Amino acid sequence: MSVRESSLLARSAKAGRPSRARKTRPVSDRLAPFVLIAPAVLILVFFRLWPLLLGVNFSFTGDGERNGTAVGFDNYAELFGDPVFETALRNVGLLVLLLPVAVAIPGLLATFIFLRVPGHRLYRSVYFFPAVLSPVIVGSIFNLMLAFGGPLNQVLEAAGLGAVDWLGDSRIAIFAVVAVHVWATFGMALVVFLAGFSTLDPALLDAARTDGASLPQTIWHVIIPGLSRTIQFVFVTTMIGMLTSMFGLLYVMTSGGPGGSTYLPEYYIWIQQGQMNRPALAAAASTVLFLLMLVVGLAQIAILRRSGKED
Amino acid sequence: MRGNRIGRWIIAVPMAVLAIATVYPLLFTANAAMKTRRDYILDRLSLTDALRWDNITNAWTSAGMGRYFVNSLVVVTGAVALLLLFGSMAGFALSHLRFRGSRAVFLACLAALFVPFQVIMVPLVRTMADAGLVDTYPGLVLAYVAQFLPFTIYLMASYYSGIPRDIVDAARIDGNSTYGVYGRIMLPIGRPALISVGVLDALFCWNDVLIALLLMPSAEHRTLMVGVTSLRGQYSADIPTFASGVLIAAVPVLAVYLFFQRRIADAITAGSTKG
Chain A
2 MSVRESSLLA RSAKAGRPSR ARKTRPVSDR LAPFVLIAPA VLILVFFRLW PLLLGVNFSF
62 TGDGERNGTA VGFDNYAELF GDPVFETALR NVGLLVLLLP VAVAIPGLLA TFIFLRVPGH
122 RLYRSVYFFP AVLSPVIVGS IFNLMLAFGG PLNQVLEAAG LGAVDWLGDS RIAIFAVVAV
182 HVWATFGMAL VVFLAGFSTL DPALLDAART DGASLPQTIW HVIIPGLSRT IQFVFVTTMI
242 GMLTSMFGLL YVMTSGGPGG STYLPEYYIW IQQGQMNRPA LAAAASTVLF LLMLVVGLAQ
302 IAILRRSGKE D
Chain B
37 MRGNRIGRWI IAVPMAVLAI ATVYPLLFTA NAAMKTRRDY ILDRLSLTDA LRWDNITNAW
97 TSAGMGRYFV NSLVVVTGAV ALLLLFGSMA GFALSHLRFR GSRAVFLACL AALFVPFQVI
157 MVPLVRTMAD AGLVDTYPGL VLAYVAQFLP FTIYLMASYY SGIPRDIVDA ARIDGNSTYG
217 VYGRIMLPIG RPALISVGVL DALFCWNDVL IALLLMPSAE HRTLMVGVTS LRGQYSADIP
277 TFASGVLIAA VPVLAVYLFF QRRIADAITA GSTKG
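Each protein sequence line maps, in turn, to chains A and B.
Position 65 of the first sequence, counted from 1, bears residue number 66 in this note's numbering, the numbering being contiguous throughout.
Position 58 of the second sequence, counted from 1, bears residue number 94 in this note's numbering, the numbering being contiguous throughout.
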């Protein structure tokens, strides 16, 4: 895009003054680009940009009786004093720790599919299909599967292992929800990995094969260095997905419970806004989430820069 | 990589198990939807003894899934139509026309891709309320358009920038205005991209629950996904009807997936390989 644009600019600069044909174009046609872009710009300004500015501003005002008055950092102070928000942030930390697992699973599966294990074509489309289902549908299905009296516990009991309260035990519930999230989304990362594989130089793989490299050696020395960009991309998109697309699962599976143990920032924002009628506090939590996302984005850029130098 | 053959088959076993684990939960739900309440309570895992459709009809009529289905259909159709129209207009302008501020608009679209809905949702509800758009169809449609427009513009612009400039120039020499170029050349040429992006946008809108929960609070305006969440409380003792509701919400998505599988995967990876 940018390369193209700059070459276009260079071309028009060389041409000197605008051509006659361009000058004689009617006014309506000269305005055409603006007319074409106007609906998109208006919608984005009113429903994306304006709320973003409003929201940051909003987080420094009060709720309820103090509605509209400036309260400085009161909302932020309350936010970081709230044990529920603390749990939400601690769960974000847990997600960061689980991130390598969530990336490695699709990465490994993509490797196997790329190496053409028997049935690789079928696996590709089967693994991807939960990714198109709504978190609400996925959450509802796993509500059934993981219910205390549900089929999974029926199997466990039949095997003599005893039932587990997957969604009712505060130590287990967050892991159950994250596992379901990974189940629902690993196909997305898998497809991205496979697209990355198609850019991998086959000569390198052939060389590894003729040198008699084992599968782990091939992965470590050929595939991971060759796919560094794709891996970084998957890391960031998976993290963003964990931070912003688990609301449906939390809403359906645990409602943040038991005992607030499965809260994430996005669920906290929803509760404060929709249930507790504390929009200003919710706006403060939104700003914190935005900063978290910004850190993720900047970390990505920093990593890309560094690997760019290595290339 | 030596001993290929055997190694591959050993890997294929866990992969097959995983494939079954991917499909089974949905099959389980479909099976539960066919059972009677009594059968489900007695044994959750057993195969249904007959294809019973009364749970489905019950979910469709008395649980209101039929009405929610229509609500979703209306909103998604409206949103996708506007997204494709505005997205292709902007994508064409950004990729083939030179005008002041085009770079700023493109960068703003890229930046908007990284601002999640959760960050703007609180003030957005207020903006919508001020405009009298809460709990209305146009309000929800506009919210979806705003949410998925940056993605739509980005994909359309990158598709159109692959179209040679000569085609546009030739159309102009033939006497087309800029609008003519858009309507007669760019829209027909953009068909494959419009279909891919349209399918993805439709999935995003159909699957959304957060935006719909916030902006469509009243029961008769519920979208299908919000309807599914309300089923849980209502039918916690009647799992087959609950499973039927889930199935009704999932089947259109599965049909779209089976039909457009390749395009969906390609559109999703377009961002990763180009970026």
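Simulated from the structure, these hints should not be mistaken for lab results.
A few of these clues could be false.
Said to hold, decoys possible - Under 10 Å between C-beta atoms, here's a sample of chain B residues computed to sit facing chain A:
hint: 1; residue: 64
hint: 2; residue: 83
hint: 3; residue: 85
hint: 4; residue: 148
hint: 5; residue: 168
hint: 6; residue: 171
Quick caveat: nothing in here was measured; it's all calculated off a predicted structure.
In this text, a Cβ means the ideal position worked out from N, Cα and C, and glycines have one as well.
Now the hints, each set against the structure:
1. 64: 6 Å, holds
2. 83: Not OK, violated: residue 83 of chain B not within 10 Å of chain A, min 12 Å.
3. 85: Not OK, violated: residue 85 of chain B not within 10 Å of chain A, min 17 Å.
4. 148: 5 Å, holds
5. 168: Interface hint status for residue 168 of chain B: violated (14 Å vs cutoff 10 Å).
6. 171: 14 Å, violated
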